[in-house]
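Participant: Each chain, written out:
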Amino acid sequence: MSPSLSDWSFFVEHRAEIFGATTDHLALVVIAMLIAIVIAVPLGMYVVQRPALRAIAMGIANIFQTIPSLALFGFLIPIPFIGGLGKRTAIVALVLYALLPILRNTYVGLSEIDPAILEAAEAMGMTRAQILFRVRFPLALSVILAGIRTATIITIGIATIAAAIGAGGLGTFIFRGVALVSDSLILAGAIPAALLALIADFLLGLLERRLRVV
Amino acid sequence: MNAKINNYSGNLIEFRDVSFHINDIPGREVISRVSLSVPVGETVVLLGRSGSGKTTLLRLINAMLLPSQGQVLVEGRATVEWDAIRLRRGIGYVIQEAGLFPHFTVAENVGLVPTLEKWDRCRTAARVGELLRLVGLDPAEFAERRPRELSGGQRQRVGVARALAADPPILLMDEPFGALDPVTRAELQREFRALAQRLGKTIVFVTHDLREALLLASRIVLLEAGRVVALAPPQEFLRLEHPEVRAFAASLETGPGVPA
Chain D
1 MSPSLSDWSF FVEHRAEIFG ATTDHLALVV IAMLIAIVIA VPLGMYVVQR PALRAIAMGI
61 ANIFQTIPSL ALFGFLIPIP FIGGLGKRTA IVALVLYALL PILRNTYVGL SEIDPAILEA
121 AEAMGMTRAQ ILFRVRFPLA LSVILAGIRT ATIITIGIAT IAAAIGAGGL GTFIFRGVAL
181 VSDSLILAGA IPAALLALIA DFLLGLLERR LRVV
Chain G
1001 MNAKINNYSG NLIEFRDVSF HINDIPGREV ISRVSLSVPV GETVVLLGRS GSGKTTLLRL
1061 INAMLLPSQG QVLVEGRATV EWDAIRLRRG IGYVIQEAGL FPHFTVAENV GLVPTLEKWD
1121 RCRTAARVGE LLRLVGLDPA EFAERRPREL SGGQRQRVGV ARALAADPPI LLMDEPFGAL
1181 DPVTRAELQR EFRALAQRLG KTIVFVTHDL REALLLASRI VLLEAGRVVA LAPPQEFLRL
1241 EHPEVRAFAA SLETGPGVPA
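Chains D and G, in that order, give the protein sequences. Counted the way the working numbering counts, the first sequence spans residues 1 to 214. Counted the way the working numbering counts, the second sequence spans residues 1001 to 1260.
These are computed hints drawn from the structure, not numbers from a lab. One or more hints might be untrue.
Restraint ranges, calculated between C-beta atoms of paired labels, are given here [to be verified]:
(1) G:V1229 / D:A55: 56 to 62 Å
(2) G:G1152 / D:F19: 54 to 60 Å
(3) D:F202 / G:A1078: 54 to 60 Å
(4) G:D1181 / D:R212: 49 to 55 Å
(5) D:V30 / G:E1081: 50 to 56 Å
(6) D:A71 / G:R1086: 25 to 31 Å
(7) D:A52 / G:D1181: 40 to 46 Å
(8) D:A55 / G:Q1197: 34 to 40 Å
(9) G:V1229 / D:D114: 32 to 38 Å
(10) D:F202 / G:R1145: 29 to 35 Å
(11) D:I60 / G:L1231: 43 to 49 Å
Where a beta carbon is used, it is the ideal one built from N, C-alpha and C, also for glycine.
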């Protein structure tokens, strides 16, 4: 279904609503990503110091990733405090999806560092914390950012489903479009979501390349 | 910071009947009953084939490994009793490929230990300049470069400068020139020998290259399967009868760089 003339006029007519929904969508994604980063990056840094925990942390993150997204939104509704209908539940679900790519990349980035560099760091009398923060973390940063980039793109897509539990965003148009069999409505949600994903991918890609060291 | 260690006379490093086995399993011995003393100012070269235990011996000195049996003493004190961080800050360490931090500039790499020791900025910067000149690199040209913008020989020079930064009395060197081309290697060996003599450091140097050992050592310690099998100054070493000495001596005649 390529946008026809009537689709364009629909876009122009409803530009204020579309813009509002896009802003809502972006807010969901940004909040969820910030929370996911704050959880997953320190967790990865902790796990890399304690390899015994690796399987457990990765396993739990993996489980969330395998639950179909619509089902996860559904599961969360009856849970007290975090559940219910609306944005809060949606953000919790999005955070759970974003955790794995960030956690995995944080772990991989921190653990796959040239052993000669770590040997030199240890031999020069750096403490474990100094090695982690001054050597491992800066060298892993571009890999961690690649995980954040993947997670952001996934989250932008999954956030459209959040409309099913009343969280708003671009999914609102898509669900309404499916119900009313209206291509224009579906595209009014899908096109901005795709553009958001492309722009996020491009910008985070730029940042990732700037942070790459070797 | 190391006033105490600097003024130490006698055996700066001493191995007392040291054994080391992996995971403390007796029978899997990497180092077997080694006793060895290194007085102040000496350059001891640990020579041996791959797997003879020379790197293990080196890592026992700065407490990267701890002995399974016996004691390793640095400045008369067992490595198990030292605070490992303090001990290592007083020991320079140079490895093959230098192990420079790729996200640091040359100046930041060289200034690492002074920074960890919280020297003020000016003093660190002055020291970095001094060291770069000492290893033959112009600070104006090299200080702000990253390791990837250097040649192998330049990286190794930076590695030596970094090890010397806090003026440690001991230098540990694990095949520092092993990855260099023969011309650059010979150049760095000559310069390093002059530097070592001038600075009066106590050096433990690991190599599998007899030529390098003969050039740099005040004493050569030959290791075979984790044991010391020969110990002699370079001029006497080649006259020893031990089969492993003969094997190494034979490598001189057929070794690289010697016309057939």
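Participant: Against which earlier hints does the structure fall short, listed by number upward?
Facilitator: 1, 4, 6, 8, 11
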